[in-house]
Amino acid sequence: LIRTGGDIRISNFLLWQAAYSELYFTGVFWPDFDEECFYEAILDFQKKERRFGKTSEQLEKENQ
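Quick note on our numbering: the sequence shown kicks off at 1 and runs consecutively.
It should be emphasised that the hints constitute simulated quantities derived from the structure, not laboratory data.
Take the hints with a grain of salt, since some may be wrong.
Unchecked claim - Derived SDA-like pairs (lysine to any residue); straight-line CA-CA distance at most 25 Å: (1) K61 - E35; (2) K54 - P31; (3) K54 - G5; (4) K48 - T26; (5) K48 - I10; (6) K47 - Q64; (7) K47 - I8; (8) K54 - W16; (9) K61 - I42.
Stated by the list, open to error - DEER-style ranges, computed between Cβ atoms: (10) G5 - Q64: 18 to 28 Å; (11) N12 - K61: 26 to 36 Å; (12) Q58 - D32: 34 to 44 Å.
All C-beta atoms in this analysis are idealised placements derived from N, C-alpha and C, irrespective of residue type, glycine included.
Use the sequences and the hints to build the structure in full.
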């Protein structure tokens, strides 16, 4: 979920549907959000560790 405009909140937007979603906040306003900004969001997403509500330690134990 990408939130533009600099606010670091989701304002109850798709609250239940956004469970376990990756959130990306940017200071760029929507009219200025272009392909380069989207690419930056994708790069940020690729760096995330998907845990689906678990801790890193729990995932590490499962993967052993």
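Practice problem: Decide if the proposed pair is consistent with the structure: K47 and Q64, CA atoms, cutoff 25 Å inclusive. | Solution: holds, 22 Å
Practice problem: Decide if the proposed pair is consistent with the structure: K54 and G5, CA atoms, cutoff 25 Å inclusive. | Solution: violated, 30 Å
Quiz item: Between K47 and I8, is the straight-line Cα distance small enough, at 25 Å or below?
Solution: Holds - the C-alpha atoms of I8 and K47 are around 19 Å apart, at most 25 Å.
Quiz item: Is the hinted pair K61 and E35 satisfied, with a Cα-Cα distance of at most 25 Å?
Solution: Status violated; Cα separation ~39 Å.
Self-check item: K48 paired with I10 [C-alpha distance capped at 25 Å]
Solution: Roughly 19 Å between the alpha carbons, so the hint for K48 and I10 holds.
Quiz prompt | Satisfaction of hint between P31 and K54, Cα-Cα up to 25 Å | solution = This hinted pair is violated, its Cα atoms lying about 36 Å apart.
Practice problem: Would you check the hint for K61 and I42, treating anything up to 25 Å between C-alpha atoms as holding? | Solution: violated, 28 Å
Quiz prompt | Q58 versus D32 beta-carbon gap, inside 34 to 44 Å or not | solution = Holds, since Q58 and D32 (Cβ atoms, about 40 Å apart) stay within the stated range.
Quiz item: Given the hinted pair K54 and W16, is their alpha-carbon gap at most 25 Å?
Solution: Holds. K54 to W16 sits at ~18 Å (cutoff 25 Å).
Quiz item: Taking only the CA atoms, is the gap from K48 to T26 under or equal to 25 Å?
Solution: Roughly 16 Å separates the two Cα atoms, so the pair holds.
Exercise. Confirm or reject the claim that G5 and Q64 have a C-beta distance inside 18 to 28 Å.
Key: Between G5 and Q64, where Cβ atoms are some 43 Å apart, the hint is violated.
Quiz prompt | Status of the given 26 to 36 Å range, CB of K61 versus CB of N12 | solution = holds, 35 Å
Against the hints set out earlier in the document, violations occur for numbers 1, 2, 3, 9 and 10.
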